[in-house]
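Visitor: Fit chain X to the given chain G structure using the hints.
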Amino acid sequence: MESRCYHCGNPCEDTTIVHDDKTFCCNGCKTVYEIFSENELTCYYDMTQTPGTTPPEIEGKYNYLNKPEITEKLLEFNDGTIQIATLFIPNIHCSSCIWLLENLQKLNKNISSSIINFPKKTVRITYHATETSLKDIVLLLSSIGYEPYISLEDYGGNKKGINRDIIYKLGVAGFSFGNIMLLSFPEYFEVDEYWLNQYKFLFRWLMFTLSLPVVFYAANDYFKSAYKGLKSKFLNIDIPIALGILVLFIRSFFEIVTNQGQGFFDSLTGLVFFLLLGKFFQQKTYNFLSFERDYKSYFPIGITKINSDKTEETIQVYDIEKGDRILIRNQELIPVDGILINGNAQIDYSFVTGESQTVYKQSGDKLFAGGKQTSGAIEIEVLKSISQSYLTQLWSNDVFNKNKEDGFKSITDSISKYFTIAILLVAIVSGLFWYFYSPEKSWNVVTAVLIIACPCALALSAPFTMGNLLRILGKKKCYLKNADVLEKLADIDTVIFDKTGTITHSNKGELSYEGEAFTNKEEVFLKNTLRNSNHPLSRQLYKLLNANDIVAPDYFEEFTGKGMVATFNNHEIKVGSPAFVSDTVVATTTRTTVHISSDHKYKGQYLFRNHYRDGISELFEKLSENYKLIILSGDNNSEKEALTKMLPEGTELHFNQKPDSKLEFVKKLQSNGKNVLMVGDGLNDAGALKQSNVGIAIAENVNVFSPACDAILDAINVRNLSKYLHTSKTSIRIIKASFLLSFLYNIVGLSFAVSGNLSPVIAAILMPLSSISIVTFVTVLTNIIGKQLK
Amino acid sequence: MSVIYILITVSIIVAIVFFTLFIRAVKSGQYDDSYTPSVRMLFEDELVKEKTKNKQS
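Those protein sequence lines, which keep their order, are chains G and X.
For what it's worth, my numbering labels the leading residue of the first sequence as 1, then goes sequentially.
For what it's worth, my numbering labels the leading residue of the second sequence as 1, then goes sequentially.
Only chain G is shown next, with the shape it has when bound in the complex (with noise of 0.2 angstroms):
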């Protein structure tokens, strides 16, 4: 029973299928590698074990690909005979998934060249379109268990370039820096020796003529953002910064016309580059994963409409209107609300609320969009369009149209403007000061004042410290948005958690019976009817059940949304509903159920409840000392007992809370003077962690999909979160402690600059050295900082 599956590295557990000598967990696994085995691809296994994925059912599901009106929204190029489309793959993981990705041509020929960009997840495919198409080429990815995500997302065509401007601006910056530096040196110590007095001119002119592009191009965001800052009323720290840069460049300008020096050219196009480096490390992207998403990159991008002639048509799921009757396969998503008509309706709305134990539904029953049906195919009456449907009205509301960062103070901005204003004191007050002293050095001080006081050092600590935090969180598998973020989550006061899929596993749940127990007889025969059924509830009870004999019944039947009746020599055994089992039980609690009866007496029913993830109590426990605690549940109160046994005092628990209560709640909170964090996974959360300071998705799988949020936490590391709340602060205390060793130098500046003494060679050797031992400084301490949250 050990054996693995060759393919997938699953377990196989009932149903294990010998190949080749090999193990395989299901049909799916076999064919794959029948597949690679005669194309002769099985170095595919040589390189990673158990690389594979099962392919999924994927039966008419791509249909609208042949639509050329939808596929042609989702080609980057075409021709007519050449097309090209990149599709994201959330299943390649390894190098075997890159080896393999990268050789399609093997499987079909008309595929001329695929190539993947392995952090992005997606695969670039160019293919002969005369020949095979976009739906062949998804179905064979499909097939070999790659299966392709295409969304509603994909299907808006406006693509985004990348955006490569800082690395352009950081390559001029080094450029000039470099070279003027170089030109700069000869100066530093020899001021009246004959040769370089000969080519001074030239030199200067050069390095003049190299800094011009730092100036205008690579530090054109710096005068930018002071100017918006400026006219905001805002300092924000760029306004020191672009005043240093300017009066730097205006200065060494006015120094070479009347040639009275070799200006400040080299600590200018160094200082850009320091504070483009800054940005640059701060700028820690997570390619694979997306905070942006809506619905749209949950839906699909066609639907199957029924006509009133029953003929079958591939539709856009914009075009389904109200009254229209479509399709829906299985493992298709449900786009809109509406009634079903007919069909095995099997819903599972984890994406929806976290909940993955399947919703049973019986024709008439209303079913809601964001639902995916798990068993067969079912037709619904359409009720509501796409964006009046009861979970994408979430989205009409406001707060998904404000960006959240606006208004955001950093701690960088906060301390600037006493800052800027220090800084112009000590600029008149000194040039004041010279000026009944010694009129003509008055200029030269305040100018060099401005310059040195520049605020580089204090510019870079932050981004420095965020950034190696972000990646050090990264490791950990906390992903978070930007820098931003760390920075609220310092602010925090209270945490909202959801309860389904968050604090519980969503894929696991705990079985309890309750009632008569079974003789051994009894419990043989409940595992053998069990094990003629596929219904999950079946599969996840039969999983329980420690009998091992196998018995043939000598008749089952299932009965779809009630239950189940077998019998063996006679004994009958009734496994489902209350109303299925016996005339005389009725449902006591709103829990889910199974209810069994033998020989016509009742005999007990299996409660199924969550099952909370291991260390929740811990984390609560140890957040309720520096936090206010609120669990929000869309679910009803069935579990209330059980969560205040485990949590500790003074949590607040809510329950059947909709998707926009929470967010109304959240809203409360904050218009009550409080910095929220939401923690949440499914979309009926989108509002809340929208609306909150930071919002946290957790994710059973990083790869796949959350809804839009300010991180995305792995779900085995949820335990951990108090530790992660504790190094925002930490970080908040290294950057402080930064400033004041940044103030410092800026103190140890100001006095050369103060008493007319700042040399262009003092200026290049301090403005490096301070922002140097400032970068090193705070790496450190973040590097030990991420060592303790082992």
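Treat the hints loosely; a few may be bogus.
Label-pair distances were calculated between CB atoms; the ranges are [said to hold, decoys possible]:
1) G:F77 / X:M41: 25 to 33 angstroms
2) G:K477 / X:M41: 48 to 56 angstroms
3) X:M41 / G:L139: 28 to 36 angstroms
4) X:F18 / G:Q283: 42 to 50 angstroms
5) X:F43 / G:D554: 50 to 58 angstroms
6) G:T258 / X:Y5: 20 to 28 angstroms
7) G:W205 / X:V17: 16 to 24 angstroms
8) X:M41 / G:L196: 23 to 31 angstroms
9) G:V761 / X:Y5: 54 to 62 angstroms
10) X:L7 / G:K231: 44 to 52 angstroms
11) X:F43 / G:A517: 55 to 63 angstroms
12) G:K409 / X:M41: 43 to 51 angstroms
Hint data in this document are derived by calculation from the structure and do not stem from the laboratory.
Every residue gets a Cβ at the ideal spot worked out from N, C-alpha and C, and that includes glycine.
Guide: The following block gives chain X in isolation, referenced to the frame of chain G:
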């Protein structure tokens, strides 16, 4: 000593050449994906090995 004019011109030109090469490399997307090429590089050997194996069998 006027050779210094030539030297400086040459050095600046060399620097500019490298700079343009860098910009072109960035533009072509060379730095967009810094991981996959490192893996892809190692595949060649395995493919050759496999091909020879097939010929033998």
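Visitor: Just pull the numbers of the violated hints for me, sorted ascending.
Guide: Violated hints: 2, 4, 8 and 9; rest satisfied.
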